[in-house]
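Going by the UniProt record's numbering, the residue at position 51 of the sequence shown is 51; the numbering climbs one at a time, nothing skipped.
A portion of the hints provided could be inaccurate.
[As the list claims (entries may be wrong)] The list that follows gives simulated cross-link-like pairs (lysine-lysine, DSS-like), each with its CA atoms no further than 25 Å apart:
no.	residue 1	residue 2
1	K365	K96
2	K292	K328
3	K404	K104
4	K370	K206
5	K458	K404
6	K317	K328
7	K292	K458
8	K393	K317
9	K206	K292
10	K393	K496
11	K496	K292
12	K407	K368
13	K54	K292
14	K206	K328
15	K422	K96
16	K365	K407
17	K460	K370
18	K393	K404
19	K328	K370
20	K195	K54
21	K96	K206
22	K328	K195
23	K404	K365
24	K422	K404
25	K206	K104
26	K317	K404
27	K422	K393
28	K205	K104
29	K317	K195
[Claimed, not checked] Distance windows between CB atoms, simulated:
no.	residue 1	residue 2	range
30	R457	Q240	38 to 46 Å
31	V414	H374	46 to 54 Å
32	H374	M1	25 to 33 Å
Because the hints were derived from the structure by calculation, they are not lab data. All C-beta atoms, glycine included, are put in the ideal place defined by N, C-alpha and C.
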Amino acid sequence: MIPSLNESHDRSLPNGCLVRYRCMIQDMGEDEIYCNDYTVRSNDGVDQIEKLGKYRDILVCPPGYQFVDVEPSREKFASRQLYYCTSIPNETEWVKYAYNNQSKNENDRQKRPSDDPLLQEKRVKNDCGESRSSMTIQNGTENAKQNDSYVVKVYDTSDDLLLNTIIEFIGVYYDCSDQETEMNEEVNMDDDQQKYPQIHCIQFKKLQHNNPLIDQQYGLISSSPSFVETRSYLLSLFSQLFFNDTLLCEYLLLHIISHVYVREGLCSYGKLSLNISNITHEQQCLITEFLKQILPLCTSFQLTCETLNTTQMMPNKNLTTNRLQSTKFQLPKYTQLILDETLMECGQLTPLGCTNIQLLSNILKQQKLKYEFHIYQLEYECDVKTLILSQTKSILPSIDVHIKQEKHSQQTPVLQSIPEEKLNEIRLYLTYTSHLIQFEQRDDTSTNIQNDFVNMRKQKLLTNLDDFHLLLVIARLETLSYGQTSMSDEYWSKAKSLESTRQQRMNTIITN
């Protein structure tokens with residue numbers, strides 16, 4: 001089994017070991033030139049060896065040999081791409097636990113009796129390309145779990161790896177951060193790279209999601225008779241959190257399975273940002289805690305005048321280190337972002353506070369995040385599900401849906417204990433409906449929707465095209481929430497009913 005850098009190990013990893021690493025691309029470096037192959041010759045001139053420089057930072061010259069070409073020809077050089085990667089931000093605890101459990105179970109299945117030191121040494125030699133002494137293994141680099149960042153070097157690929165992509169690499173591990181280079185070794189990296197362990201990528205896989213349960217049970221969930229039952233059960237749990245406000249619960253479900261499915265110009269279709277108002281701080285804490293139990297990527301941020309005025313939300317390039325400084329809002333796709341406005345009070349925003357409001361507005365409206373490079377700013381696409389919990393309507397503009405909770409009690413809601421089996425069913429259901437269903441639009445339904453659009457414009461039920469797009473998104477998400485691959489007239493009608501009921505509620509609030 002290939003050891004994972006995301007899980008713990010019982011010994012330090014030796015250089016040259018094959019590893020797996022599940023991560024997010026946090027920054028991208030410039031391409032690096034390396035020597036693809038080189039020649040060494042014995043000191044007596046009798047023996048000559050051709051060696052490969054690929055998948056290593058150090059060009060090794062065996063004892064009693066010397067490098068032949070001090071300045072190799074241009075043909076011997078190639079380039080590799082550099083990525084600064086970090087463990088996936090905001091992975092929830094149940095995800096880490098499940099991955100760690102899988103790794104532990106695989107280790108247990110393959111474990112051999114380890115009381116014999118000769119067997120230990122043999123296993124190390126088999127796992128790693130270059131055997132090292134037991135003293136080196138014991139006193140080498142610290143446990144990989146303690147390192148959060150790695151430099152990954154990718155060879156011979158035409159596939160563009162974008163910023164914030166979540167990905168799994170398999171490659172050769174090296175850590176030269178605390179080792180002195182010997183006279184017969186040449187290091188091909190700058191000082192900044194030497195601060196981080198290196199992974200020389202042999203292969204990689206972009207991850208559509210990071211739910212470890214799917215790998216075991218994907219293919220069973222869609223045909224399971226309990227699929228719709230899981231939907232109903234999840235809504236019943238939401239009802240406990242929101243005092244049986246069924247309309248609100250329905251919108252929350254649609255929100256957490258939403259994601260961008262197409263971009264046209266400045267528009268990102270498929271997003272469904274949600275502002276739930278009339279929420280207390282205690283209730284917000286309970287909601288956040290529950291969402292972290294069922295979603296693989298989830299983070300929260302308390303939004304107050306103080307945090308807006310003092311927090312650097314925009315990622316920025318550090319000119320000294322030439323590294324991108326990450327912030328709380330540099331997130332991988334499909335992250336659930338919870339903004340807590342329940343403690344918001346009146347106050348004056350500083351220029352930084354106004355910049356942060358604009359940054360959050362761009363995430364909500366366009367699903368884009370600005371990055372600061374001192375001389376200029378660049379926008380990068382993101383796909384973040386933003387839930388704003390507040391006492392009154394949010395201060396943020398460009399929110400897709402605002403709904404006020406109909407609270408019938410002043411008490412904080414209490415959520416019943418949930419069996420782990422039920423939690424796993426919900427986790428599978430949410431990943432399947434949000435990522436794994438291939439949605440198709442039926443022609444007959446499209447015709448009915450077009451006719452409906454014309455009639456609703458005549459009746460002035462739609463004020464602009466954005467309202468119509470919102471209806472389409474809601475109908476699409478309703479379809480997916482039932483595990484269906486194509487929208488029927490039933491789901492279109494339900495979407496219209498949901499929006500009509502919500503608007504009536506909000507209009508009543510405005511009137512009162």
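Let me make sure I understand: some of the numbered hints might not hold for this structure. Which ones are they, in numerical order? 1, 3, 5, 7, 8, 11, 12, 13, 16, 17, 24, 26, 27 and 32
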